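Asker: The lines below spell out each chain.
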Amino acid sequence: MNDPPVLLMGHPNVGKSALFNRLAGADITESNYPGTTVDYTESEIGVAGEHRPVIDVPGTFSLDPTDNAESVAVEFLESNPEATIVGVLDATRIERGLNLALEILDRGYEMVLALNMFDEARARNVDIDVDGLGSILGVPVVPTVATEGTGVKRLTETIPEATGTSLTAVSDAVGVEDPGEDPGAKWELVDAIVEKTVEFGETEPSLPEIIGRLTVKPWTGLPFAAAALYGMWAFFSAVAGFFTDGYFVPFFDGHWLPWLQSAFPGEGGWLYFILVGDPQATNSFEAFGMLTSGLFVAVGVVLPAIFALYLVLAILEDSGYMARLAVLVDTLFHRIGLHGFAIVPMVLSFGCNVPGVAATRSFETEKQRFIMMTLLSVFIPCGAQLAVMLSLIPQYTGFIVLYLIVGFFVFGAILDRLVPGSSPELIVDVPPLREPRIGNLSTKLGLRTREFFKSAVPFVLLGVGIVNVLYLGGTIDWLAVNLQPILTGWFGVPTDTIPALIAGFLRKDLAVAQLSSIAMTPFQTVMSVIMVSIYFPCLATFAMLINEGRKSGSPVRMLGGALLTLVAALFLWGGLFHLGGILAGVA
Amino acid sequence: MRWDTPYFAMVGALLVAAGAIGTLAGLTGDTIHVGPVAIGGTFAIWWGPVLVGAGAFMLRAVSGRLTTREDEALVFMGSLMLWIVGGADVLSILLGAIPGGAEVWLASPAAFLAGVAPPYPPAVLGAFLALPAFRYAENDVLTILRRLLGRSGE
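In order, the protein sequences belong to chains L and U. Each step along the first sequence adds one to the number in our numbering, with nothing skipped, and position 426 is 426. Each step along the second sequence adds one to the number in our numbering, with nothing skipped, and position 13 is 600.
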């Protein structure tokens, strides 16, 4: 592909990804909050009979990057001097994006402007003189509604007509002085353009707008957040319970397990032990073979729960509520050196830690990224683990998650004081509340569920296999003897938990499932689930930490720091829970 | 006085009472039966405070006699909280009643009806009582419906 690419550029959350999907017929994730795209996505577009690369570039406020995602955007622009730029502007407030468009034009690029969300601008009585704007800027301007596909065909047809212009010409058109390199004068130029081309009419605030405001005020926002999180939790439990308890448990325990136990040849042999597990087991949690417990945990327990959780997460993202949650918890996150948008990777991590860690790229400093990545990988249980916890110990799951979240903030405050570096404030737009689009929800669900199948299922099966091989080789017994003082002395759990801890290196859900087959007191069960949660990130998250550390140029520092925190969290936070149990007389 | 002022005052007071009792029942492990409503259960400690919050929003709004759009929004927000909790409860009851076990898969009509029979958590009834709040969002709901039904590309 030697043709110059078409770059979609604009502020965060102006609909670039939605426009990209429409232009290229692609299925990438769109969300109603800033920072969804932290890396670029490439596809092809037919322009005037030719195929040209089209790239969805991460959102940036200016060409002076302040975080990793913005750096990616600016690097892309600078490494493609022949590119045609589709500048995407939020039509409800074009003054925000015009400054960036002028910066790009000032560097000599050819551009077409897309005034996206044009329907919302109309609904808010924002009247834009599209032809006038095009004639002042000297570039084609096309109104679009990317979520509905309106204007996309015209935009595609207009790309070959992209032109460049100079700030001098633009200044002359509105009768102000050429701003040169003065940033203040550039904003005056933007004001002059807006004054000539946009009329703002009076509108009464709508109910969603008033509710939107109420959701970020603490007295009304926090109770509503509690309701939203409870609803998310209850939906997750109801759907997962329906599939798992209603259908998968009867199928696996009543049909699959007995059939496999009798039909698989070589009972008593090592292959039978690895693949089928215990021939006397009466349920699929206890059998612990790759084809029994492995399949049951991955497909029967985790898949329905992950599906339900991803659906709720997508609704939170697309409705714009996630961004409001960020504003609401901003003060809390400042106490650990982060800001409110840390809620985005945190909530994503409740689905899977891997995209959660990736979302930390929108943080401005290495300190913030380190703190967030470490806390996510230690304290936030993923959806798969939550599913197994809900299936096995529903009465304790809420309290365990609460204990882990408190640990998240306690260790965050400690890390904030210990880790050198700055924690700058982030000022971002809060998007309007919108109804989620069914098409985008299904795209997200499809992509994320496919990712789960690719990454989780093989790891669960492999985890069962490895633990069974270690059993056969005697390693588990050796570890049980040698780790007994720590496990029973410091944490108060039996040495039978060792296979689960080993399985936890690969998959936390598998580890929790394995704990279910051990005879323990309620306190020991809760204690061991907390241990499994915080003692080591799963393999996929660990690989992601290495990858992100490499990108930041300091993988050893990043990983070393994360592992040190992890050991401290395990012994201090885990030990504290045991101490609490002893004092309460339940340990 | 508008009819909705005393109505939502009553619904708000009921919610605060049910939420407070639910929270206490969640802490003590008890379940209290009031007609077709059962207040308690494993998760009462979590939904109880949400119901108190929803009721408090309604009481706060009616104290201003529902004369402003902000008051109406507050009632709608409280109702929304109730619909979230009640909706999840209804879903849980329905999904719990459908499976029939290993050999049957789908529950018989009699078993299904038994599964969805009372008692219900308080949010289920509260969600129905809050339905009149939709009148405050009539235009927005219609706009959303129009967008959903009339959505098309070029």
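Keep in mind that the hints were calculated from the coordinates and are not lab data. Heads up, a few of these hints could be off.
[Said to hold, decoys possible] In silico SDA-like links for lysine to any residue, alpha-carbon gap of 20 Å or less: (1) K217/L x Y707/U; (2) K217/L x A684/U; (3) K217/L x R656/U; (4) K196/L x G184/L; (5) K153/L x R52/L; (6) K217/L x E725/U; (7) K367/L x L433/L; (8) K367/L x R417/L; (9) K217/L x E659/U; (10) K454/L x A540/L; (11) K367/L x P432/L; (12) K217/L x L415/L; (13) K153/L x G184/L; (14) K217/L x P432/L; (15) K196/L x D172/L; (16) K153/L x K217/L; (17) K217/L x A643/U; (18) K217/L x P696/U; (19) K217/L x H334/L; (20) K196/L x K153/L; (21) K186/L x I104/L.
A quick note: this is a predicted structure, and the numbers were derived from the prediction, not measured.
Asker: Are the hints correct? Go through all of them and say.
Answerer: Taking the hints in turn, this is what the structure says about them:
Distance check on the hinted pair: K217/L and Y707/U sit about 32 Å apart at the alpha-carbon level, beyond 20 Å; violated. For a cut-off of 20 Å, the pair hint linking K217/L to A684/U is broken: about 39 Å separates their Cα positions. Between the alpha carbons of K217/L and R656/U the distance comes to roughly 17 Å, so the proposed pair stays at or under 20 Å and holds. Straight-line distance between C-alpha atoms of K196/L and G184/L comes to about 19 Å, which keeps the hinted pair within the 20 Å bound.
For the hint pairing K153/L with R52/L, the CA-to-CA distance comes to about 16 Å; that is within 20 Å, so the pair holds. For the hint pairing K217/L with E725/U, the CA-to-CA distance comes to about 24 Å; that exceeds 20 Å, so the pair is violated. Between K367/L and L433/L the alpha-carbon distance is near 32 Å, which puts this suggested pair outside the 20 Å criterion. The suggested pairing of K367/L with R417/L holds, with an alpha-carbon distance near 11 Å, which does not exceed 20 Å.
Taken as a hint, the K217/L and E659/U pair is honoured in the structure, with Cα atoms around 17 Å apart against an allowance of 20 Å. Proximity of K454/L to A540/L is assessed by CA-CA distance (about 11 Å); at most 20 Å being required, the pair is judged to hold. Of the supplied pair hints, the one linking K367/L and P432/L is violated, its CA atoms being roughly 31 Å apart against a limit of 20 Å. Simply put, K217/L and L415/L have alpha-carbon atoms about 28 Å apart, too far for the 20 Å limit, and the pair is violated.
The hinted pair formed by K153/L and G184/L fails the criterion: a straight-line CA distance of about 37 Å is larger than 20 Å. For the hint linking K217/L to P432/L, the alpha-carbon distance of about 15 Å falls within 20 Å, and the restraint holds. With a CA separation close to 13 Å, the supplied pair K196/L and D172/L stays within the 20 Å bound. Distance check on the hinted pair: K153/L and K217/L sit about 41 Å apart at the alpha-carbon level, beyond 20 Å; violated.
Between K217/L and A643/U the alpha-carbon distance is near 15 Å, which keeps this suggested pair within the 20 Å criterion. For the hint linking K217/L to P696/U, the alpha-carbon distance of about 47 Å lies beyond 20 Å, and the restraint is violated. The straight-line distance between the Cα atoms of K217/L and H334/L is roughly 17 Å, inside the 20 Å bound, and the hint therefore holds. Between K196/L and K153/L the alpha-carbon distance is near 28 Å, which puts this suggested pair outside the 20 Å criterion.
Distance restraint check for K186/L and I104/L: the Cα-Cα separation of roughly 13 Å lies within the 20 Å cut-off, and the hinted pair is therefore satisfied.
Hints 1, 2, 6, 7, 11, 12, 13, 16, 18 and 20, counting from the list given before, are not met by this structure.
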